[in-house]
Amino acid sequence: GQQVMQIPQYQHVQEGEDFTTYCNSSTTLSNIQWYKQRPGGHPVFLIQLVKSGEVKKQKRLTFQFGEAKKNSSLHITATQTTDVGTYFCAATSGTYKYIFGTGTRLKVLA
Amino acid sequence: DAGVIQSPRHEVTEMGQEVTLRCKPISGHNSLFWYRQTMMRGLELLIYFNNNVPIDDSGMPEDRFSAKMPNASFSTLKIQPSEPRDSAVYFCASSLGTRQPQHFGDGTRLSIL
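Protein chains in written order, with the working numbering: chain A, 2 to 111; chain B, 7 to 119.
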């Protein structure tokens, strides 16, 4: 079945440093979503990518969908303490069923 | 606007007891998902409803788990009998349709002793 791997599992950065998390699928994807979950909270939708090679930006966050639609990345420029949380990708091959990645837990040191 | 509402927020009970988790999706959303989150297994889809009809329950761990959606504004997830390994955070999420953003509730933190 479809597998979604996310790396790294954990990342500690100094405030102001950049951060990137990567999502890789064993199958070609229809689209991919990204979510953020704060400690003790629930996943909150950030963005959806649909097109091959698509790049979307939200302030300091840049999301990219690979050309082959098998991988994606989330890059945060100049992290802030408010960026703390776990970032999940959720991928689908075309149905309602999104497979969530294992998540990358980001810790930002002030 | 109210988001997805789940109850209870926390549940602690002894093994063997019946547990019922409740969810009210966002009005107008026709897709509803139940997820379970644990450190070991991450976020797992248990069951998916579309227009109140269960479409995929392949993620339901075993017969002890059941879910219903009697109408568009209410769903339940029941565990009977509960076991310690069922301890997890259970999330309900709803969306406007398939391949649309999912809106998660605050979750139910379930502890089975």
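Please note that the accuracy of each hint is not assured.
[Said to hold, decoys possible] Within a straight-line C-alpha distance of at most 27 Å, the following computed DSS-like cross-link-like pairs (lysine-lysine) qualify:
| hint | chain 1 | residue 1 | chain 2 | residue 2 |
| --- | --- | --- | --- | --- |
| 1 | A | K98 | A | K57 |
| 2 | B | K30 | B | K84 |
| 3 | A | K108 | A | K52 |
| 4 | A | K58 | A | K71 |
| 5 | B | K74 | B | K30 |
| 6 | B | K74 | A | K98 |
| 7 | A | K52 | B | K30 |
| 8 | A | K98 | B | K30 |
| 9 | A | K98 | B | K84 |
Hints are computed from structural coordinates only; laboratory data are not their basis.
Hints and how they fare:
With a C-alpha separation of about 23 Å, the suggested pair A/K98 and A/K57 falls inside the 27 Å cut-off, and the hint holds. Only pairs whose Cα atoms come within 27 Å are accepted, and B/K30 paired with B/K84 is accepted, the gap being roughly 15 Å. Between the alpha carbons of A/K108 and A/K52 the distance comes to roughly 30 Å, so the proposed pair goes past 27 Å and is violated. Between A/K58 and A/K71, the direct Cα distance comes to roughly 20 Å. Compliance with the 27 Å bound is thereby established for this hinted pair.
In summary, the hint linking B/K74 to B/K30 is supported, as the alpha carbons are separated by about 12 Å, within the 27 Å threshold. A threshold of 27 Å between alpha carbons decides the hint, and for B/K74 with A/K98 the separation of about 19 Å falls inside it, so the pair holds. For the hint pairing A/K52 with B/K30, the CA-to-CA distance comes to about 33 Å; that exceeds 27 Å, so the pair is violated. Proximity of A/K98 to B/K30 is assessed by CA-CA distance (about 20 Å); at most 27 Å being required, the pair is judged to hold.
Between A/K98 and B/K84, the direct Cα distance comes to roughly 22 Å. Compliance with the 27 Å bound is thereby established for this hinted pair.
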